[in-house]
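A.B. asks: Protein chains in written order, with my numbering: chain A, 1 to 307; chain B, 1 to 319; chain C, 1 to 289.
In case anyone wonders, no lab produced these hints; they're calculated from the structure.
Heads up, some of the hints might be wrong.
Stated by the list, open to error - Simulated coverage check for chain C against chain A, where a stretch passes if three residues somewhere in it have a Cβ under 8 Å from a Cβ of chain A:
| # | region |
| --- | --- |
| 1 | 123-134 |
| 2 | 141-147 |
| 3 | 225-237 |
| 4 | 254-268 |
Said to hold, decoys possible - Derived lysine to any residue pairs resembling SDA-like cross-links, with alpha carbons at most 25 Å apart:
| # | chain 1 | residue 1 | chain 2 | residue 2 |
| --- | --- | --- | --- | --- |
| 5 | B | K119 | A | T21 |
| 6 | A | K7 | C | F127 |
| 7 | B | K199 | B | L137 |
| 8 | A | K105 | C | Y132 |
| 9 | A | K46 | A | M276 |
| 10 | A | K105 | C | T120 |
| 11 | A | K7 | A | T21 |
| 12 | B | K170 | A | D204 |
| 13 | A | K46 | C | N76 |
| 14 | B | K24 | B | N8 |
| 15 | B | K124 | A | R218 |
| 16 | A | K105 | C | L215 |
| 17 | B | K124 | B | R147 |
| 18 | B | K119 | A | P215 |
| 19 | B | K197 | B | G155 |
| 20 | B | K119 | A | E216 |
| 21 | B | K170 | B | L131 |
| 22 | B | K119 | A | R218 |
| 23 | B | K124 | B | K199 |
| 24 | B | K124 | A | L300 |
| 25 | B | K170 | A | R218 |
| 26 | B | K250 | B | G43 |
| 27 | B | K124 | A | W299 |
| 28 | B | K170 | B | D200 |
| 29 | B | K170 | B | L68 |
| 30 | A | K7 | C | L122 |
| 31 | A | K7 | C | T120 |
| 32 | A | K7 | C | G118 |
| 33 | B | K124 | A | P215 |
| 34 | A | K7 | A | F25 |
| 35 | B | K124 | A | P95 |
| 36 | B | K170 | A | W299 |
| 37 | B | K170 | B | R147 |
| 38 | B | K119 | A | V206 |
| 39 | B | K124 | A | E216 |
| 40 | A | K7 | C | D121 |
Glycine included, every Cβ here is placed at the ideal spot set by N, Cα and C.
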Amino acid sequence: MGGYILKRLLIGVPTLFIIITASFFLMRSAPGGPFDAEVDLDPAVKANLEATYGLDLPVSGQYVRFLGALSHFDFGPSTTYPDRSVGELISDGLPVTLRLGLTAKALAAALGMTAGIVAARNRNGPIDAAVMGAASLGIALPNFVVAPALTLVFGVYLHLLPVAGWGDGSARYWILPVIALALPQIAAIARIMRGAMLEILSADYVRTARAKGMPENRVLWRHVMRAAFLPVMTYLGPAAAAVVTGSVIVEQLFGLPGIGRFFVQGAMNRDYSLVMGIVILYATVLILLNLLVDIAYGWLDPRARVK
Amino acid sequence: MAMLEISNLGVSFRTPRGTLHAVKDVSFSLEPGRCLGIVGESGSGKSQTMLGMLGLLPQNGTVTGSALFEGEELIGAPRRRLDELRGARMSLVFQDSITGLTPHMRIGDQLAEVLQVHKGFSRKQALAESLAMLEVLRLSEPERRLRQYPHELSGGMRQRVMIAMALLCKPSLLIADEPTTALDVTVQATILSTLGKLKDHAGTAIILITHDLSVVAGVCDEVAVMYGGRIVEHAPVDELFAAPAHPYTKGLFMCTPRIDMPTGGMLPAIPGVPPPLNAMPPGCAFSPRCPEADARCEQVRPEARRIGNRLAACLKVPA
Amino acid sequence: MSASSQTVPFTARRQALARFAANRSAVVGLGLLALIALLAILIPILWPHGLEEAGLEHASQPPSLTDFHWFGTDANGRDLFVRVFYGARISLAIGLIATAIALAIGVVWGAVAGWFGGLTDLLMMRFVDVLYAVPLLFLVIVLVTVLGNNVFLIFAAIGAVEWLTMARIVRGQTIAIRNREYIDSARAVDLPTPRILSRYVIPNVIGPVIVYSTLLIPVNIIVESSLSFLGLGVQEPLTSWGLLINQGAPQLDSAPWILAAPATLLAITMLAFNAVGDGLRDALDPQGR
């Protein structure tokens, strides 16, 4: 097992390297540079600025310099936030994004699986119809529609929660963003869980368990549940990316100082180092998450276990 | 009193295309230490009869009639009571052992939980007992098997695990649904002889569902032949093999290779296919394929009649 | 029980069609999609108000039937009914074209990798694995900033990142059928490989591909809407549902219809596509649910 994890981590290094290289040259091939937006900029000042950030070098030179800095975890300075380094911006934004993303994910997994199990156990009944109807709606309404509606009801009309911002970072500020981020995932997980449960409940081995007199709860928890988690796990892995991308929108909507917002601003302002820093961060997180999913897979299904 | 008394058992399924009656009006009884073979083509309702009796039908299935097991009504019994009986007093061995074991549980745990739930054994006790049962069934390296997962075992081993599982609590009734179909001949022989010993020494009553007449001849005391969801003939095994009465039974024998008959060319097959459940003829279900059928057979459904030791449902069988 | 139900032998395709037709929500979904598509074509042509016809004297008017502002007007006094269906053109087109691009890349990529196997397969699928490690919306954002705000390039950018799962599905199917008898016989008579792939392999993997495509269209519509919502997608004077929602969100308190009109249509379209996709999946694969 340890060898397998090590091997997977080693494969992750070239993957990350390819992503870094490709994004680097992709970003540089975009028309315009970080200081083009300021029209009145004196050419001399602009040249000076570009020299400060190393942008006067040819692209290959910039790449070598970038890799050199990266080798000791220096992502370089941000051109959008002139007095701050990308490393500082990320370490400021990461806790916000992580708290938002992980809370939403935990909520989505817990509520989604519960809803899916309840629906499957009441299959074709009114509870099933209600849960699945709500789930379809949850998938159909993107979070940039849900979020303004939530804000309107709980923030503007009821004055229960703040409309936007992070304030002191207390729970009041992140309840609405977490809900907005989690809702589509709750819906998706509920549908997947229900489908998996129904399929497994009609499996031969479940009939065997019932035939040998196992009480229904034991059948569900020992014979059904672990297998039903598999498709949910498969979803949760790539859905880590959905938390990431979803948080871009939700952070933007609620004006939260997370990483997603930096990314959008960075991309629009051609802030090369900021975008690269965030791409590297997310790619690393995603590679690790995919590894975790595969490990969990092996734990859930002995047939998928590596020899 | 018989150990098992089934009367007028019916099984139906609600489907988008209406209600399908898979089993109709099945009645038979079974004494301890006896083995009943149920034969018939796939779709004749043999497995559904057993699943209906044990309360194991899928959600869209309904069972009617009566099934008295040791004097106790099974049809309509609460799930809790059925759970106490299933796996303990009456056990079921399924035909498909490939998918019949839970893939993510160790063999040992799947065996042990039967004793833990029914007998309140500790896990350790239960594993020891399971090990002993695997040894009885002559599974190689039984200690290792207990720690393995189903996909690490061969088909024959899995089938024997399934049988071990059914026998752990020493049930008084064992229902085996095609227990040897997927197995090679030597494993088949081992399993059949195990079943024979159970019957003779432990007094276990056995219902053996199969489409293989040679298996029936080897183990069973009596045979029920099913067609189109009904029992068309029910007789002691020697009488049935000596002289099948129902035209369908005759057809089955014609399609079975026999060692004492010259093999002149191809085996005959019964022409046609069984009618679909939603399009049963009003009369005898076999009439469209029956060489002896006439106009009356197509309109009048034959009731089962007793002729000597046997029951046959056919207008053409002389009383 | 009707005579036809037992005598007519159903082919697999007709059975699938019958199962789809019996699925009420799938049929309703298909009808709704057809209706939305029809309105998207006709309304911008026939409606008395033009797309850009502004008038600040009737800005942010609530919906009314009398002056053909059925969905009300936006902050510039432009009629939302015509704008929503004009946006439908762009959103639906992006959904369809981006999916078609993803389909083309994914099917070819997966079929080639699965067919040739070995090192080709390994390298091609490694490449897919690498791309899987990139958050897709990020890639689209980078691509859109690189390529500029051209609508067709947005189509292409979305399609160019959404083909990964398609490639995996097709590869798996291709490997599964590669060793079947009819493929052997095609090889035995020396058919050229591209012909075997296009005539024998791809038609046989198409079922899951159709199902996945139907479910990918709404995903792509959402991706476009997200981009437009972030200000990175479709720009004025064009419009799309995402952009309309973006413009409506700030006025949700005072003029909720500006958000409600495009959001409702978007939601209906999502539901309809998902219902059709689920219906197709159940129709083509009655066992696996």
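A.B. asks: Taking only the CA atoms, is the gap from K124 of chain B to K199 of chain B under or equal to 25 Å?
C.D. replies: With a Cα-Cα distance of about 29 Å, the restraint between K124 of chain B and K199 of chain B is violated, given a limit of 25 Å.
A.B. asks: Does the region 254-268 of chain C contain three or more residues whose Cβ lies closer than 8 Å to a Cβ of chain A?
C.D. replies: With 6 residues close enough to chain A, the hint holds.
A.B. asks: Examine the region 123-134 of chain C: at least three residues should have C-beta closer than 8 Å to a C-beta of chain A.
C.D. replies: holds (count 5)
A.B. asks: Holds or violated: the region 225-237 of chain C covered by chain A, criterion of 3 or more residues with Cβ-Cβ distance under 8 Å?
C.D. replies: holds (count 6)
A.B. asks: Please verify whether K105 of chain A and T120 of chain C have alpha carbons no more than 25 Å apart.
C.D. replies: violated, 37 Å
A.B. asks: With a C-beta cutoff of 8 Å, work out whether three or more residues of the region 141-147 of chain C approach chain A closely enough for the coverage to hold.
C.D. replies: holds (count 5)
A.B. asks: Next pair to validate is K7 of chain A with D121 of chain C; report whether the Cα-Cα distance is within 25 Å.
C.D. replies: holds, 20 Å
A.B. asks: Run the distance test for K124 of chain B versus W299 of chain A: straight-line Cα separation, threshold 25 Å.
C.D. replies: holds, 23 Å
A.B. asks: Keeping to a limit of 25 Å between CA atoms, is the pair of K170 of chain B and R147 of chain B held or broken?
C.D. replies: Judged against 25 Å, a Cα distance of about 23 Å means the pair holds.
A.B. asks: Assess, step by step, whether the Cα of K7 of chain A is no farther than 25 Å from the Cα of T21 of chain A, and give holds or violated.
C.D. replies: holds, 22 Å
A.B. asks: Verify the proposed pairing of K124 of chain B with P215 of chain A, using a straight-line Cα cut of 25 Å.
C.D. replies: The given pair, whose Cα atoms are some 21 Å apart, holds under the 25 Å limit.
A.B. asks: Against the 25 Å threshold, does the CA-CA distance of K124 of chain B and P95 of chain A hold or violate the hint?
C.D. replies: violated, 48 Å
The structure does not agree with the numbered hints 5, 10, 13, 23, 34, 35 and 36 stated previously, though it agrees with the rest.
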